[in-house]
Amino acid sequence: MLARLKPHAVPLALFAALALAPLLGFGAGHSLSLLARAIILALSAIGLAVLVGGAGLVSLGHAACMGVGAYAVVMLDAARITDALVVFPVAILAGGLFALLTGAVAIRTSGVNFIMITLAFGQMAFFTAASLSAYGGDDGYTFYGRTSLFGTRLLEDRWFFHYALLLLLLGAWYGGRRLLASRFGRVLRAARENPLRTQALGFSPYPYQLLAYTLAGALGGLAGALLANATEFVAPSFIAWQRSGDLLFMVILGGLGQLHGAILGALAFVLLEEYLAELTPHWRLIFGPLLVLVALYLKGGLLSLPGLLRRG
Amino acid sequence: MAEPLLELRGLHKAFGALVVTDAVSLTVNPGELHAIIGPNGAGKTTLVHQVSGTLAPDAGQVFFAGQDITALPLARRARLGLARSFQITAVLPGFSVLENVALAVQARAGHSFRFWRPAATEAALNAQAMAALEQVGLASRAAAQAGALSHGEKRQLELAIALAMQPRLLLLDEPLAGAGPEETERLIGILQGLKPHYGMLLVEHDMPAVFALADRISVLVYGQVIASGAPASIRANPAVQAAYLGEDF
Chain A
1 MLARLKPHAV PLALFAALAL APLLGFGAGH SLSLLARAII LALSAIGLAV
51 LVGGAGLVSL GHAACMGVGA YAVVMLDAAR ITDALVVFPV AILAGGLFAL
101 LTGAVAIRTS GVNFIMITLA FGQMAFFTAA SLSAYGGDDG YTFYGRTSLF
151 GTRLLEDRWF FHYALLLLLL GAWYGGRRLL ASRFGRVLRA ARENPLRTQA
201 LGFSPYPYQL LAYTLAGALG GLAGALLANA TEFVAPSFIA WQRSGDLLFM
251 VILGGLGQLH GAILGALAFV LLEEYLAELT PHWRLIFGPL LVLVALYLKG
301 GLLSLPGLLR RG
Chain B
1001 MAEPLLELRG LHKAFGALVV TDAVSLTVNP GELHAIIGPN GAGKTTLVHQ
1051 VSGTLAPDAG QVFFAGQDIT ALPLARRARL GLARSFQITA VLPGFSVLEN
1101 VALAVQARAG HSFRFWRPAA TEAALNAQAM AALEQVGLAS RAAAQAGALS
1151 HGEKRQLELA IALAMQPRLL LLDEPLAGAG PEETERLIGI LQGLKPHYGM
1201 LLVEHDMPAV FALADRISVL VYGQVIASGA PASIRANPAV QAAYLGEDF
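Protein sequence lines, in the order shown, are assigned to chains A and B. Just so you know, the first sequence maps onto residues 1 to 312 in this note's numbering. Just so you know, the second sequence maps onto residues 1001 to 1249 in this note's numbering.
Just chain B, same shape as in the assembly (with noise of 0.2 Å):
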């Protein structure tokens, strides 16, 4: 089998007496959606922290294409490949859509120390943006200013911004949070379509959305891996099952 794009060795945190993140080891190989669930409070967004590398783990390692990036700040993971869309959305409010994109292309481009030239009328830069919104279906919200989005927009220019990375791994951290139906079915629909391209991690409270992308499902209670596996076995689990007493799956 092919090395893992990501695999977390042991980590490890705590804030105080407060067990937050407890031995988590997985991976996710190129190509494939490993999704985590896990009731409110399980540590999952913590997780994603120290996966982007936010948050320093206790102890523990992640390696990300074989190289260890425990220590690495958060910019530099990005410029290896690992792009993180956010749970709170944080696209830039000021700037247009398409200059949101577009710094995430400018981002790939080496150095910005250019001090001259418009970035905002360089056509390399705003070609591959525009590609980005393309896949996304926001194409034609470029011009309009990102803050005035809907939410379910803010959500597919976050996935955008990712893609103009052009990363090796997509983190993406509850990218459905707070979208309609509709826009969730959309949503679910551009990721399913991302899907063959990256290797993803993803933190997902819509069981629906989960089921229905992941290829592997990892359950996190406490801080703790209690199941790990495909979709057919984690909805068969008795354990999973108990953790999340009374949900649907």
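Next comes chain A alone, as it looks inside the complex (with noise of 0.2 Å):
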């Protein structure tokens, strides 16, 4: 039991931390609040990871997929409607939508060209977002409430939103390694290493590699509701490529090589985010810095970080 344990020890200790966090002096309310954060943004970034890592897709489009599902929740709170029952999944089918309907013209192009439509997509909806008048444009929009849950306020309860981000964390993971290790991951390992190899078996790469960035854009618009109810607020700023830059941030500064690499970035960005602005008011200085070391040192991400100093 313990020697199948052990390929997944970062993960499960990553996992048993979030989990205990909370009972260990982070559950006083702002903690929680930034432990939400890094949980949704982590969340986001397995996504992410899937089309980097795995398929090989380098988006920088990816905050606009949270931002459709944010949009999602504040489109129907001003209709009234906050049932969770709906409210999730229209946001990780509009999600979804979106993704499937740009990436059908961003997965025809690779590469640096890859790079600059997802952006530009990004951009497009950023700029959606902003002539919004209806929902706040450029001041956003504040709810009155979190989304509803069986017609309670549940989600209100932050512990319970601590424990229910962590399952469906938990659940983002273990599902994308499942789909990474399928016939499906493997066409997609295989496109990203290899394309012309991968079309001479007689696989055609562009219907696998949309529906990953379906799937991603999927988990991202339900990671842009979740945001959306941890915050309590909506801004177009959910959608700036700024945002889109920090989550790719953190796929590469976790590693690329395996998907929990993804949370350990995420977690690692977001805390180091928040102690270093309380350290000083100019604390870019000193985070701009250490990513540009991460990037020249740490190839293999935060991941590799044990084996390194096990070599010294």
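There may be inaccurate statements among the hints.
[Claimed, not checked] Just a few of them, taken from the derived set where beta-carbon distance is under 8 Å, the chain B residues facing chain A:
1) Leu1074
2) Ala1078
3) Arg1079
4) Arg1084
5) Leu1092
6) Gly1094
7) Phe1095
8) Gln1106
9) Ser1112
10) Phe1113
11) Trp1116
12) Ala1119
13) Met1165
14) Arg1186
15) Tyr1244
By construction, these hints were calculated from the structure, which means they are not laboratory data. Keep in mind it's a predicted model, so treat the numbers as computed, not measured. No residue lacks a Cβ here, since even glycine has one placed at the ideal position from N, Cα and C.
Mind docking these for me? Both chains are given alone in their own frames, and the hints should help you get the complex.
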């Protein structure tokens, strides 16, 4: 049993730490909000990690899927629809549909062109959101309450919200792992390593990549709806390309080799951002170079750190 | 006579003013090994690309088992049973040797929109992949990472991948390129063993290998087939000797 669990030691430790954190001094409102933010970004980053690490699709527009999910919550809220059984499925479908439509065009390109076109779609979503004056335009939209669950206000309970998020993260991580190891995932990985060879075997990579892109978008939509609930506020800045860049950086910071790298990356990113900001108002002067150092010296991301230290 | 497996009819391809394929017509019959030789720059690889579907001809047609496949993309041709090996080895370096071959088996099993079961432990895929590896004598390296193989082993893996597709025609683009003398000998032995079971179109620089293996040889010079026939008649052909001035057969 123990031997079987050993290869999963890092992700299991991560989940255990997240599960125990509220009991070990991170149970205050502020800490839980911070953790919620980190878990939600990790959820979104897992979808992106499947794309980048698995399929080799480096998207710089992933935040747009989150934005679409968040604005789905906004629009339903404005129409007085706040039932979770409606809100979350709609957000997931909206994120997936956005990814399907934009991906259908973007995946016809590759490399730098793919990055540029996903960025362009992201910016289109950003400016669209900013022009939605009915939903606050540039100023954003404030909720008066969170999405209701079976008619209750359970999502406003920070502890319940924390463990619900953690469960979703666990599900996304496990599902993503299964996906990448499956026949479907094998085709994705092969097309990343050598598209020509993959075609010569008889596969057309396009439908596989498009489906992966759509699934990641759907997960992004869910994460967006959750973030809207966590902050009880949505603004176009949710969709800004900087957010897409942050997500991409979380994935690379954690390590592309394995899916839990995205979780590690998101946690490290959010916590660093928070604690450096407490240290000094000029925290970006430390954060920036830190990211540069990781990019330069930790090619395998934080996941490769233990191995590096062991080798000295 | 049976219908040819592969038939090229009047293929023509030019890059600007440079004609690289000039009215090339040839056939490969089932069970036949048809070799294409020619000096460097004769347009051999361009021809292979047009047969496999990575490059569209300007004119002419490609027939596979009687079907016009000129307009079909690479992946569709592969599914029909046309397997190609690459001149520059194109194995998936991050995959294990077994997984490289299992992917080819998987390609034959219809679509791969299966999302849950780990593909690496699917016995049906792995058993057929192992069989292909045994055919080329690479079974002992099944667990190795493909990127860590020697050059000759990668060439063997290329062959195993092509075999696992259970193709009707093998399109071999310089399968011996860069292999050492011992590896070459082993690869020739493997090809000899495969010969009865497949139609093969072989492009190769290694003349002794070509003359040992081929049933028919076509000589390509400046995009044109200047001679085609049994190895003995090609060897005796004065036009071929002129094209290969000074080279030994």
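Right, here's what the structure says about each hint:
1. Leu1074: It holds, given that the least Cβ distance between Leu1074 (chain B) and chain A is near 4 Å, below 8 Å.
2. Ala1078: 4 Å, holds
3. Arg1079: Given a least distance of 4 Å, the restraint on Arg1079 (chain B) holds.
4. Arg1084: 6 Å, holds
5. Leu1092: 4 Å, holds
6. Gly1094: 5 Å, holds
7. Phe1095: 7 Å, holds
8. Gln1106: 6 Å, holds
9. Ser1112: This interface hint holds because 4 Å falls under the 8 Å limit.
10. Phe1113: At about 6 Å, which falls below the 8 Å cut-off, the nearest Cβ of chain A leaves the hint on Phe1113 (chain B) intact, so it holds.
11. Trp1116: Holds: closest Cβ of chain A sits about 5 Å from Trp1116 (chain B), inside 8 Å.
12. Ala1119: 5 Å, holds
13. Met1165: 7 Å, holds
14. Arg1186: This hint is violated: Arg1186 (chain B) lies away from chain A, its Cβ roughly 23 Å from the closest one there, beyond 8 Å.
15. Tyr1244: Nearest chain A Cβ about 31 Å off; hint violated.
Violated hints, in rising order: 14 and 15; the structure is consistent with all others.
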